[in-house]
Amino acid sequence: MEKREITQVSGMPIVAGFQWSVGKMMERFIKSFAERKILAAKCPKCGYTYVPPRLRCGKCYTKIEEENLVELSGKGTLIGYTTAYVQLDGKGNFLDLDKPKMVGAIKLEDSDSTIFMPLGEVDPKDVKEGIKVEAVWRKETKGEIADIVYFKPAR
Amino acid sequence: MNRKIAIVGYAQTHHEHDPPNTREGMVFEAAKGALDKAGITREAIDTVINVSSDYQDGRTISNLFLVMAEGAYLKDESKVEMDGAFGVLYAMMRILSGNHDTAMVVGVTQGSIFSPHQISFYTLDPTFDRQIGLLNDISAAAIQARMYKNKHDVSDEQIAMVSVKNLVNAASNPYAHRKIPDLNVKKVLGSKLYYDPIRELNISPISDGACAVVLASEEKAKEITDAPVWIKGVGSCQDSYLRDRNLLKLESLEIAAKKAYEMAGLKNPSKEFDVAEVTERFSHEELMIYEALGLCSEGRGKILIETGVTERKGQIPVNPSGGALGADPVLATGLVRIAEAAKQIRGEAGKYQIQGVRQALAHGQTGLCAQSNIVFILGGEE
Amino acid sequence: MMKRNVAIIGCGQTKHGRLRDVNTSEMIAEAAWKAMEDANVTPDEVDAIVVGNMQGFGGIYDTELWAGELFGAPKPFLRITTGGTTGGSVAHGGYYSVASGLYDVVLAVAFEKHSDSKERGASTGLAHVAMANIFHTMQHGASIKWLVSLATGAATGVSAFQASCYMYRSGCGVKHLDMVAAKSRRNAAKNEYAHLRWPNCTPEDIAKTEWISYPLRFGHVCPASDGASAVVYAEEEIAKKKAERPAWIKGVAAYADEPNLMGENSQGTAITDLSEQLQCIISAREAYQRAGIKNPRKEIDMAEIYQPFPHQELMFSERVDLFDDGKAWIALEEGQTEIDGSMPLDPSGGVISTNAIGSSAMQRVLECALQVMGKAGKHQVPKDVKNAVAHGWGGATNFTTITVLGDSPRR
Numbered sequence: 001m002e003k004r005e006i007t008q009v010s011g012m013p014i015v016a017g018f019q020w021s022v023g024k025m026m027e028r029f030i031k032s033f034a035e036r037k038i039l040a041a042k043c044p045k046c047g048y049t050y051v052p053p054r055l056r057c058g059k060c061y062t063k064i065e066e067e068n069l070v071e072l073s074g075k076g077t078l079i080g081y082t083t084a085y086v087q088l089d090g091k092g093n094f095l096d097l098d099k100p101k102m103v104g105a106i107k108l109e110d111s112d113s114t115i116f117m118p119l120g121e122v123d124p125k126d127v128k129e130g131i132k133v134e135a136v137w138r139k140e141t142k143g144e145i146a147d148i149v150y151f152k153p154a155r
Numbered sequence: 156m157n158r159k160i161a162i163v164g165y166a167q168t169h170h171e172h173d174p175p176n177t178r179e180g181m182v183f184e185a186a187k188g189a190l191d192k193a194g195i196t197r198e199a200i201d202t203v204i205n206v207s208s209d210y211q212d213g214r215t216i217s218n219l220f221l222v223m224a225e226g227a228y229l230k231d232e233s234k235v236e237m238d239g240a241f242g243v244l245y246a247m248m249r250i251l252s253g254n255h256d257t258a259m260v261v262g263v264t265q266g267s268i269f270s271p272h273q274i275s276f277y278t279l280d281p282t283f284d285r286q287i288g289l290l291n292d293i294s295a296a297a298i299q300a301r302m303y304k305n306k307h308d309v310s311d312e313q314i315a316m317v318s319v320k321n322l323v324n325a326a327s328n329p330y331a332h333r334k335i336p337d338l339n340v341k342k343v344l345g346s347k348l349y350y351d352p353i354r355e356l357n358i359s360p361i362s363d364g365a366c367a368v369v370l371a372s373e374e375k376a377k378e379i380t381d382a383p384v385w386i387k388g389v390g391s392c393q394d395s396y397l398r399d400r401n402l403l404k405l406e407s408l409e410i411a412a413k414k415a416y417e418m419a420g421l422k423n424p425s426k427e428f429d430v431a432e433v434t435e436r437f438s439h440e441e442l443m444i445y446e447a448l449g450l451c452s453e454g455r456g457k458i459l460i461e462t463g464v465t466e467r468k469g470q471i472p473v474n475p476s477g478g479a480l481g482a483d484p485v486l487a488t489g490l491v492r493i494a495e496a497a498k499q500i501r502g503e504a505g506k507y508q509i510q511g512v513r514q515a516l517a518h519g520q521t522g523l524c525a526q527s528n529i530v531f532i533l534g535g536e537e
Numbered sequence: 538m539m540k541r542n543v544a545i546i547g548c549g550q551t552k553h554g555r556l557r558d559v560n561t562s563e564m565i566a567e568a569a570w571k572a573m574e575d576a577n578v579t580p581d582e583v584d585a586i587v588v589g590n591m592q593g594f595g596g597i598y599d600t601e602l603w604a605g606e607l608f609g610a611p612k613p614f615l616r617i618t619t620g621g622t623t624g625g626s627v628a629h630g631g632y633y634s635v636a637s638g639l640y641d642v643v644l645a646v647a648f649e650k651h652s653d654s655k656e657r658g659a660s661t662g663l664a665h666v667a668m669a670n671i672f673h674t675m676q677h678g679a680s681i682k683w684l685v686s687l688a689t690g691a692a693t694g695v696s697a698f699q700a701s702c703y704m705y706r707s708g709c710g711v712k713h714l715d716m717v718a719a720k721s722r723r724n725a726a727k728n729e730y731a732h733l734r735w736p737n738c739t740p741e742d743i744a745k746t747e748w749i750s751y752p753l754r755f756g757h758v759c760p761a762s763d764g765a766s767a768v769v770y771a772e773e774e775i776a777k778k779k780a781e782r783p784a785w786i787k788g789v790a791a792y793a794d795e796p797n798l799m800g801e802n803s804q805g806t807a808i809t810d811l812s813e814q815l816q817c818i819i820s821a822r823e824a825y826q827r828a829g830i831k832n833p834r835k836e837i838d839m840a841e842i843y844q845p846f847p848h849q850e851l852m853f854s855e856r857v858d859l860f861d862d863g864k865a866w867i868a869l870e871e872g873q874t875e876i877d878g879s880m881p882l883d884p885s886g887g888v889i890s891t892n893a894i895g896s897s898a899m900q901r902v903l904e905c906a907l908q909v910m911g912k913a914g915k916h917q918v919p920k921d922v923k924n925a926v927a928h929g930w931g932g933a934t935n936f937t938t939i940t941v942l943g944d945s946p947r948r
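Protein chains in written order, with this note's numbering: chain E, 1 to 155; chain Z, 156 to 537; chain Y, 538 to 948.
The following block holds chain E by itself, in its conformation from the complex:
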């Protein structure tokens, strides 16, 4: 087709943000980070254990109540990982990282979900599937998601 002058417009004159309510289960989960506790929801019928916790089991559809919350040890197994050489900047651009970061897929002990967390204190060459990992907490925990800084190989 013929070459045309297409006017392009980008960006908007306003910025608007979001603030998601997390629900009761997530609130307890996040606030428990203050005590360095990781809670999970164990289905009272089939035992499938969700972390982060949730109100209903997706496997057998049974309701999960607050009394079904269990505390996990904070240790787990690395079942997958990748090394990131880039990072999204929030606007769709991939920026090169000065130092590669590692992301791990972790199955915490006594739970069934996979959580995706940063890995730290580890050389990409030494990471293997199946190694044991544990959570590393902020010195001053505040009951926020950022209280878990990363997971590192456990002794």
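Some hints could be false.
Examples of chain Z residues lying across from chain Y (beta carbon under 7 Å, computed) [as the list claims (entries may be wrong)]:
1) Met223
2) Ala227
3) Val235
Worth flagging that the hints you see were computed from the coordinates, not collected in a lab. Glycine included, every Cβ here is placed at the ideal spot set by N, Cα and C.
With the hints as your guide, set chains Z and Y onto chain E.
The following block gives chains Z and Y in isolation, referenced to the frame of chain E:
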């Protein structure tokens, strides 16, 4: 199915990054092209299904200003906001209901407006995964790729062979975006590393494009064309969320394929369709797709690619058009797969025509690590 | 060909308002489970799910990818989003899923969570609606002030213009808008799921509120609610087993006109009267024909009109052929459109009392189904509901969804 439905026309735009065309211009080109191919005018269309994304287009109600360009003026119109192949499912349902006899599905995405990778970030659980900020479609796929490689001893070279096959295939496809006729494994492994082991040439490009497909009930199809492409079967399934699904297999694709095969009456699927057009957003995904479609057993996808079974000259050509690695206009990609499969059946695929295609498979996906999948089985006149 | 009969066998909705103690996935699951329980089906009996909301308001893309497992995944999912008519389009999607014969039982759920917006008045989402679609006009000299006045509340600016067109066309006055608003607030007080409930609201109460954009006052305008609504569809045999009095879908239509007001990307439009709403007239005609309804004024017993702004209750009730063009205000004055009137309009309180945008058009279908099934509780109309019509509008006032429901299937 209570009535037979056929594809009677299709058209797509030339997929590229940021071409000098508006969304509306692309939609008109595809819609008018599909009508012209079918030899009908817009008056003959009973209902139009638009496929587009609010987030990709940067504007809500993305079909709002496309009503005219897609020929939907004063017509029964709706929109599906998932991969375009799901739009074809909805159009099918509208015809099967008996309320309509013909339908047109028009899908468009200008990927250059906003990166689909950034948008994949917005599908995450906002209360947890999104706060940690490491996951997007590529990093999740990278974790999956490494798990898959480790479990089945698949090499980076074998995965790269998928990129080579598809990007070389794309060179014969006049509509494809990324064509690299002289690509080899070494060049793929030398491309930029994003999230280990996924490199630039393992990832589908961000394309701008539109595609339209015209469907008709049996009666109307026979009036419109001598070469209807019948929809023999369809199946779809959405898997659980990333944290609670098995990343080593595309389970929802397996379920979708089984349903489509059953509906189409295929007893020995891998022997009964002659070509497959699948949506592989990452090279390793195509190997996992082979397994989920039942072309080989779990972990053996690498054998198919290495022995050339899925090359154009092989027993089951997969993505002779270049697939998503060749052109990925996001939501229009599944529609393009359906159009390409129909092309093969009608013998209109030019330089990348596979010989003797009687039945074809088309696949579309939505969501991280192919969370939601849909499979169509198409067949020519008996 | 023999068309398949489809009925709604169960309905479920959350309470609407500012729901800060649940996250979006929990909110959707609540409505979905209530609908499945009301329909006497388990998730395993549901063949497919249709979902929709107005992307951009919640800040989550394709929410069902995350939330789906709470009420059914793994399962076939279909996402339908058409702006204001989303709920109606999702309702149609669910109907077509079963009518096609591909599935026998389908759950359709629509939702919105406006309170997840950080900006005041849920304006994060409104910024995406209004600004994203029209700010390119700034390139052609439009001022930000004009944009803001047009985009006020996203729909308020456009609807005020439409209200003026309608008042000129019909001869009704602002007092009629006050009357509709007051009636809706009173009806909403009888609906435990509604958001703005005002038991003894009078037109004078409404008239005391300030103007936003003539002829619309604050008292005329809908809230931005959080909420989800869901219905379960089933084919005839299953419907008869599961529900005592299923609500049969007798006719659907959803015609689209060119964008009113500005045309495609501000290229201009042939539409000069925003109250004409041609696509609504055609959709209603088509839906009634499919439903076998020849005289809607006699055969339709009540209607749920999508009216976030009060003039729309009058205007659209005329466009769906329940009153003569320009005469709905007379019926209003005579009390015909009250819950106990001869043509009850929006006994639920309507969109003007509860507006979770993605869900609102689905709620119109849901409320009509409740009325047909006799399950509408305190706002049940005190007469036999044999046929009802649910309406939705959206887009640049150019989209419509019409659903005709009844107490017996089309033969």
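Here is how each hint holds up against the structure:
A hinted interface residue such as Z/Met223 counts as satisfied when its beta carbon comes closer than 7 Å to some beta carbon of chain Y; here the least separation is about 5 Å, so the hint holds. With 7 Å as the threshold, the beta carbon of Z/Ala227 comes within range of chain Y, its nearest partner Cβ sitting at about 5 Å, so the hint holds. A distance limit of 7 Å between C-beta atoms decides the matter here; for Z/Val235 the minimum to chain Y is near 6 Å, and the interface restraint holds.
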